[in-house]
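Residue-level listing of the chains:
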Amino acid sequence: MLETLVTGALLSVIGIYCVIAKKNLVKKMIGLGIFTNFIHLMLISTGFREGGIAPIIIRENVGFFAAYSVDPLPQALVLTSIVIQLSVTALGLSIAILAFRHFNTLDTEKMNKLKG
Amino acid sequence: MFEYWSFFILTFAGFVGLGLIIYLLGSRKARAEERKYETYTCGEPFPRVNVGPDNLYQAIKKNLGIEDIQKIHTGKLSDYLLWMLAGFVVVLLMVMML
Amino acid sequence: MLEYLITILIVSAFLMLAVRRDFIAIAAILLSFFMILALFFQSQIIVVRYGGWTPPFGIVWEVDKLNAFIGLIIAGMASLVTIYSIKCIKERRHRFYTLLCLMTTGLLGVCLTGDIFNMYVFFEILSISSYGLVAFFLDKNAIEGAFKYLVMGSLGSSLLLLGIAILYGLTGTLNFADLALKVSHSREFMIALGLIIGGFCLKAAIVPFHMWKPDAIEGTPIPMGALFSTATAALGVYGILRLLFVFGMLQLNLMLIILGTITMLAGALLALVQINVKRMLAYSGISQVGYVVMAIGFGTSAGFAAGLYHILNNALIKGLLFMAIGCVIYITGKENLDEMGIRNRTLLVCTGIGVLSMAGVPPLNGFVSKWLIFMASWEISPLLTVLAITASAITLAYGLKIFSSLFFAQKRAEGKIPTTMLVPVIILTILCVIIGVFPQLGLAVVEPAVNALLNQNQYITAALGGG
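Residue numbers (our numbering), protein chains in the order written: chain A, 1 to 116; chain B, 117 to 214; chain C, 215 to 681.
Chain A on its own, in the form it takes in the complex (with noise of 0.2 Å):
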């Protein structure tokens, strides 16, 4: 559990960093893509159980599995989460590309027409 701790803080410090202090535009989505592992490390680790097995149902034994297998319904969210960030990390790429077109550049910097 101590590990999942340390390396989620890290991956959420490592994120939002990306995110708000780069300002390349696929630099942020590879921050959101960091930080959106983060928090399928952390649904996933919710259904953590100590010297558990995966789970994959035993047909023969399902007392046995019952007893011994981790939580798959945080597996079947995650799944789902990626899903949707794999539209949503697409879509911001194709957004990045017309950005390009339009600006000449991926600065985020220097496309601030709309202001006020």
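Quick caveat, the hints were computed from the structure, so don't treat them as lab data. These numbers were taken from a predicted model, which means no experiment stands behind them. Nothing false has been slipped in among the hints.
Here are the simulated DSS-like pairs of lysine-lysine, each with C-alpha atoms no more than 25 Å apart in a straight line:
1. B:177 x A:115
2. B:192 x A:22
3. C:354 x A:27
4. A:110 x A:22
5. A:115 x B:192
6. C:301 x C:630
7. A:23 x B:187
8. C:630 x C:304
9. A:110 x C:354
10. C:354 x A:115
11. C:548 x A:113
12. A:22 x A:113
13. C:548 x A:115
14. C:354 x A:22
15. A:115 x B:187
16. A:113 x A:23
17. A:110 x B:192
18. B:178 x A:113
19. A:22 x A:115
20. B:192 x A:113
21. C:354 x C:548
22. A:27 x A:115
23. A:27 x B:192
24. B:187 x A:22
25. A:110 x B:187
26. B:192 x B:177
27. B:187 x C:354
28. A:23 x B:192
29. C:354 x A:23
30. B:177 x A:113
31. A:113 x B:187
32. B:178 x A:115
33. C:354 x B:192
34. C:548 x C:630
35. A:113 x C:354
36. C:625 x C:548
Here are a few chain C residues that sit away from chain B, every Cβ distance over 10 Å (derived from the structure):
37. 235
38. 335
39. 645
40. 670
Each residue gets a CB set at the ideal place from its N, CA and C atoms; glycine is no exception.
Given chain A's structure and the hints, the job is docking chains B and C onto it.
Only chains B and C this time, still in chain A's reference frame:
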């Protein structure tokens, strides 16, 4: 029943009358040229101020500090994200303290 | 009947992409509006168990009066926008309708569901299709608004998912009714609640999460500006209300009142000095949502009634103003306030009623909800009433600025506005006047929603107790 509605009927009639006046004013023909006469200011130079939509409320803008709030909305994404993160931290702190 | 709602909308979205006939999308969204209208007149709570699995092990959709109220606002605005954009969007209209069908799916899905992860999935469907809709015109302003909205929105949605993860880890269930039985008010639950409320505040554009909204609305087409300011804002407020409901109407008064007051004043002050009319209407929408959040923060049932009534009025008034401005932009082609003069009697009357109603002038609907907010705030603190009246005065000021720039300008353009663009404007104007003259009609819609909000037992027994 009429006493309850009389207030609303009078206000409604007042605004319908105001609306009729505005409508009649608005249906005049648009002026093709601006008025061309000079204001006499005893020989002093007189600034020609054209009041458009950005400086219609200029006095309020200068006195209430709206320009400072406009400077906060810089247009850069990193500043927007910093404000959003500050907002999340403030919301979390206030929810935990109550 | 409810199970087929999402199926119809998603299938019509894909059919639009394949067949490219407009009537598919129009028929699907109007059909969904009539379904929600039929749901609104049912007297009991409707529960749909998907796949036959009983809650809390399966996903369940539960529609009580609060869901039906917000769903009616969303479906009504979506159908008016669909009719409006037959003529307003001139090119690539089939792609617009595809994304609009998906966005309506997302909006109605968040509103009607009874399971928190299902709500997150539909929230993401709504977000992704709205990122596409902001970037619809593919020019400089649209792309800039789109990537600003995308980065901020997906960061907010990720933090919302973190809150859901913490809630699942602490309770082990994802159903709203089951969560209402299992939550307590300890520190860890409060962190999850803060994160989820932050995610919904970003969608509703409350200060300081509002920064994406003026830039996004400046780049997007006008029908989408109307839908963002009315339906998405109503959905953000609904999310906050549903989370507070799950936590047993937790008294978060101070935080919501402070956020609401700052939003109300900052939005109104910034709308005074704008040149671009879409940006001004975006700030105006932000300010009206500030009124709603402040009214919800009072915590009394009068406050909840005032807040919910103001969401309804905000939808009618902002929809009316955005669509009227869209008619003017259709004729003149310009978006700056100093170049937008127009001569049209119908638009004069409709914009006049919209501006007066937004400012809170008596026989119109804005007056009723602002009066309820003033009465509810007088009991909490007279300072809040003074601030609300100040914001109303500033609202009148920039409303008159819009009105005079449109109809008292030096050069006024003439042109014919298509009927399908005028019909939604006239429908919204008639609704404004009717709800203003007979406020009992509006209260008959709002009162059951407030009762459903304060009554937790009915919701829980309908989901978990029934067979």
